[in-house]
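> Okay, here's what each chain looks like letter by letter:
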Amino acid sequence: MNITIEHLCKSFLLQHQHKKLFDDFSVSITFDHVLALLGPSGSGKTTLLRLLAGLEIPEQGSILINGEAIPSDEASLERYRRKLGVVFQQQSLFPHLSALENVILPLKLVHHVPSLLAKKRAQEILEQLHLKEHQYKKPHQLSGGQAQRVAIARALVTSPTWLLLDEPTSSLDPGMKSEVLELILELRSRSIPILLVTHEIEFAKKCADQMIFLVEGSITYQGAMENFFKSTTGEHEEHF
Amino acid sequence: MTFPIPSTWKRNRWLPSALLILGILLLSYFSFSLLEEFLEHSGSKWKLVWHYRNVFWHGWLSTLSISMVALLLSCFLGALLLTAYRSSLKLLHFLAFLLIEILRGTPFLTQILFFFYVVAHGVGLENRLLTGILLLSLFSSVYIAELMRASIEAIHPLQWDSAKAIGLTTYQTYRYVIIPQSLRSLLPALAGQLASLIKDSSLLSIIGISELTLSAQQVNATTYCTLESFFPLALGYLVLTLPISLGSRLLEKKLKL
Numbered sequence: 001m002n003i004t005i006e007h008l009c010k011s012f013l014l015q016h017q018h019k020k021l022f023d024d025f026s027v028s029i030t031f032d033h034v035l036a037l038l039g040p041s042g043s044g045k046t047t048l049l050r051l052l053a054g055l056e057i058p059e060q061g062s063i064l065i066n067g068e069a070i071p072s073d074e075a076s077l078e079r080y081r082r083k084l085g086v087v088f089q090q091q092s093l094f095p096h097l098s099a100l101e102n103v104i105l106p107l108k109l110v111h112h113v114p115s116l117l118a119k120k121r122a123q124e125i126l127e128q129l130h131l132k133e134h135q136y137k138k139p140h141q142l143s144g145g146q147a148q149r150v151a152i153a154r155a156l157v158t159s160p161t162w163l164l165l166d167e168p169t170s171s172l173d174p175g176m177k178s179e180v181l182e183l184i185l186e187l188r189s190r191s192i193p194i195l196l197v198t199h200e201i202e203f204a205k206k207c208a209d210q211m212i213f214l215v216e217g218s219i220t221y222q223g224a225m226e227n228f229f230k231s232t233t234g235e236h237e238e239h240f
Numbered sequence: 001m002t003f004p005i006p007s008t009w010k011r012n013r014w015l016p017s018a019l020l021i022l023g024i025l026l027l028s029y030f031s032f033s034l035l036e037e038f039l040e041h042s043g044s045k046w047k048l049v050w051h052y053r054n055v056f057w058h059g060w061l062s063t064l065s066i067s068m069v070a071l072l073l074s075c076f077l078g079a080l081l082l083t084a085y086r087s088s089l090k091l092l093h094f095l096a097f098l099l100i101e102i103l104r105g106t107p108f109l110t111q112i113l114f115f116f117y118v119v120a121h122g123v124g125l126e127n128r129l130l131t132g133i134l135l136l137s138l139f140s141s142v143y144i145a146e147l148m149r150a151s152i153e154a155i156h157p158l159q160w161d162s163a164k165a166i167g168l169t170t171y172q173t174y175r176y177v178i179i180p181q182s183l184r185s186l187l188p189a190l191a192g193q194l195a196s197l198i199k200d201s202s203l204l205s206i207i208g209i210s211e212l213t214l215s216a217q218q219v220n221a222t223t224y225c226t227l228e229s230f231f232p233l234a235l236g237y238l239v240l241t242l243p244i245s246l247g248s249r250l251l252e253k254k255l256k257l
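Heads up: the protein sequence lines correspond to chains A and B, in order. Positions 1 to 240 (this note's numbering) are the ones given, in order, by the first sequence. Positions 1 to 257 (this note's numbering) are the ones given, in order, by the second sequence.
Just so you know, the hints here were simulated from the structure itself, not pulled from any lab data. Keep in mind the model is a prediction, meaning the values are calculated, not measured. Even glycine gets a Cβ: it sits at the ideal position worked out from N, Cα and C. The hints are all genuine.
Sample of chain A residues lacking proximity to chain B, with all beta carbon distances greater than 12 Å (derived):
(1) Thr4
(2) Arg121
(3) Leu129
(4) Gly144
(5) Met176
(6) Glu200
(7) Glu216
(8) Ile219
(9) Ala224
Listed next, the in silico DSSO-like pairs over lysine-lysine satisfying Cα-Cα at most 30 Å (straight line):
(10) A:Lys83 x A:Lys120
(11) A:Lys119 x A:Lys138
(12) A:Lys177 x A:Lys83
(13) A:Lys138 x A:Lys120
(14) A:Lys137 x B:Lys254
(15) B:Lys254 x A:Lys132
(16) A:Lys206 x A:Lys132
(17) A:Lys20 x B:Lys90
(18) A:Lys177 x A:Lys120
(19) A:Lys119 x B:Lys254
(20) A:Lys83 x A:Lys119
(21) A:Lys137 x B:Lys253
(22) A:Lys108 x A:Lys119
(23) B:Lys253 x A:Lys138
(24) A:Lys19 x B:Lys90
(25) A:Lys108 x B:Lys254
(26) A:Lys132 x A:Lys108
(27) A:Lys177 x A:Lys205
(28) A:Lys119 x A:Lys132
(29) A:Lys119 x A:Lys177
(30) A:Lys205 x A:Lys83
(31) B:Lys254 x A:Lys138
(32) A:Lys137 x A:Lys177
(33) A:Lys206 x A:Lys83
With the rest of the complex left out, here is chain B (with noise of 0.2 Å):
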């Protein structure tokens, strides 16, 4: 499936971001509508889990904030294992490598079961949204290295050897050439990357933080309303990720040479 890219969006550069947040805005706004309609026209559970509203949209606020946070993090994250994996000191590359395969090759679910109560215990991290966040960004950044390396590697070898030959330094060469041409194909799956971890963020429940999920799950143990709890949770995922898969794609297609 293809969407034309208006020409005034290739001027204005900011426009495509703020009709994504406006999309996120007014979908969240139908989304409750919706929830107010099937509140007046159904029976008493529509209505006693619309009383818990307030819990669903903090939890939905918490998600969001907490997935951009470790997107942020895993960023950052993600260039420094990338950096030690790419190392000529064997030592480097050796612990970034093991590191990428502990985390690629065990479930988030166990790496946060293991990281809350043996790692984070141990060392005297109580902050559970903290210790979220750190184990939802180190878990992503491994994902998002491999893209950063993947980006960096579809560049021409030509365009190493043509910076190289005007003279540009090794730092110049990555700033000026590497990075602005692997951003291109970087910033698509970034966009997409943020809505696994929106995705992934639901398993975070497990250790008590309240996201979204968690909401729904305190909600439907309230109220015993389960499609009436459950049913808002999904969308309030969708409401997220829709947007965004959709501007992932207008994102590549906006970028593309």
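The shape of chain A in the complex, shown without the other chains (with noise of 0.2 Å):
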């Protein structure tokens, strides 16, 4: 999978000001199984995959997965989201609706599978997930790693042509972390890539093969995941 990223430039509002985030920010990277995305806070991480998510539309400068560009108009880019998978830190999931519920929702909605195929594929995908004996409860009524399970299951119903996962292990207590790290570790042996945005070194160290840092809204490294700690000269340390 490539990123490719060429003069971007984004900013946002911070007390009625306008902040330049990304300027004139221009990347390309190539990875097979996970691209981890790591830097301090306010480093521009999630802002990177809201707009890899087709969440946010940049200001200029484009950007393009495996050579396509992500559209600027809201029809296309309704189109483009729909291949996606993106899983947010938390409140991820729709609380009036069943774990059930809220994985058939998008399958019906959005893919228009008649009901009982998406009912069978959601359970199917459920039950991969060790999830079953939960899918009929609220999500108020799932541990927060059940949760973003859970998540995650709705966020692969759809079979997307990538999965993003924002800081999906940040709301979590040390416990639920292990059961979403361990799922995450469980579909990087699919063929399906996936954008990490994390603060978890140790684990992007475990599963990631290549990795961008960011600080600022730019890239200090950029490289193999194993490289990293081989090249860094103790700025980044700072950050963890």
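Combine both chains into one complex, guided by the hints.
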């Protein structure tokens, strides 16, 4: 999988003032399994993920996924987003629907899969992710780890071309973190590329093949994960 | 004060509504029985007012139906007003803003007098009941729009993003994600608004709509029995507003996640 970003500019509103986060940002990276996006808070990791997920539009520049540019008009973006799976830090699930209904929703409404088939497929994926006994529970009845796994199941059920995970473990306690991390490791073996925004450097080390380290909208390291610890001069360590 | 919700209520969603209606009917029955009791043990004034019980009854029913119709209409108008207010079309947004400020900035009584004697007469709207319902709905729609806005804005921003990320359209996002969630906080507030509507409807007596307040005024004018005319009036409103207030609290607890 290749991501190429050319001359990207993106600012955001902070206390009624536009602050430039990315200014003429360019990068090209190819990875097979997992690309980890690391960096301190406010470095632009989440904004970059949102740009790649088509949830934000750049002010300038272009983003190409496997050579194909992410569109900028809402109708085309809607079609683009249907091909992805995105999981946020928290609050990804719809609280008024059960785990099963959450997984069925995109199949039925977006991909127009008939009700019975959608239910069957949703149950299959929940079973694969060891969530069968929790399928009728509402999100508030699930633990944080289970809720994130359901969110991942919902992202996977539509067979996306790639998966974008925005700090999926940051709001979880250590026990729940490990169950989500184990699942991500399991997904690594499937042939679905993953972009992982995380603070868990140790975990990134285990599962990522490529990584980008961002500091205030600029890349301070880009390349193979295993080379990061050899090449780092101590400038990154202060962030962990 | 908290009220425990029996577990059977969670299984049967019609039970609370049925109990609420039963409560209203029982309260109405007891209030009229109480009046009968008063009548037997007190003087001729109560007897005289008792003679006009049908006037009260019709007034009470009229207040209830005016308020219910106005609630439905004001929900519709409130949704329209909110859509216009959130519109990206500047003119539409400005018109909604203007209407909201005018309706919130003037007393309901002033609105009734202005609308009935100036606007309704101007456009040839002669039906007092229809005018009254329209006025009450318009007045209430501003507050309902505000309740709707608050209930939508209370939803976590990531819910919008999640809906967008799985590919839902704007309509699908509202229909399947935002509205079902906002109804949880909106429904109890709407029940509270119905209680306000019932109380506010008493002001419609000023333009001669024969609801409960006007009925009591008419009985008082005919019998000169002030206490005996206005006591059932207060009771008539309480019979309506107390169960609603109780129901609204129960609903709030029941719908809480």
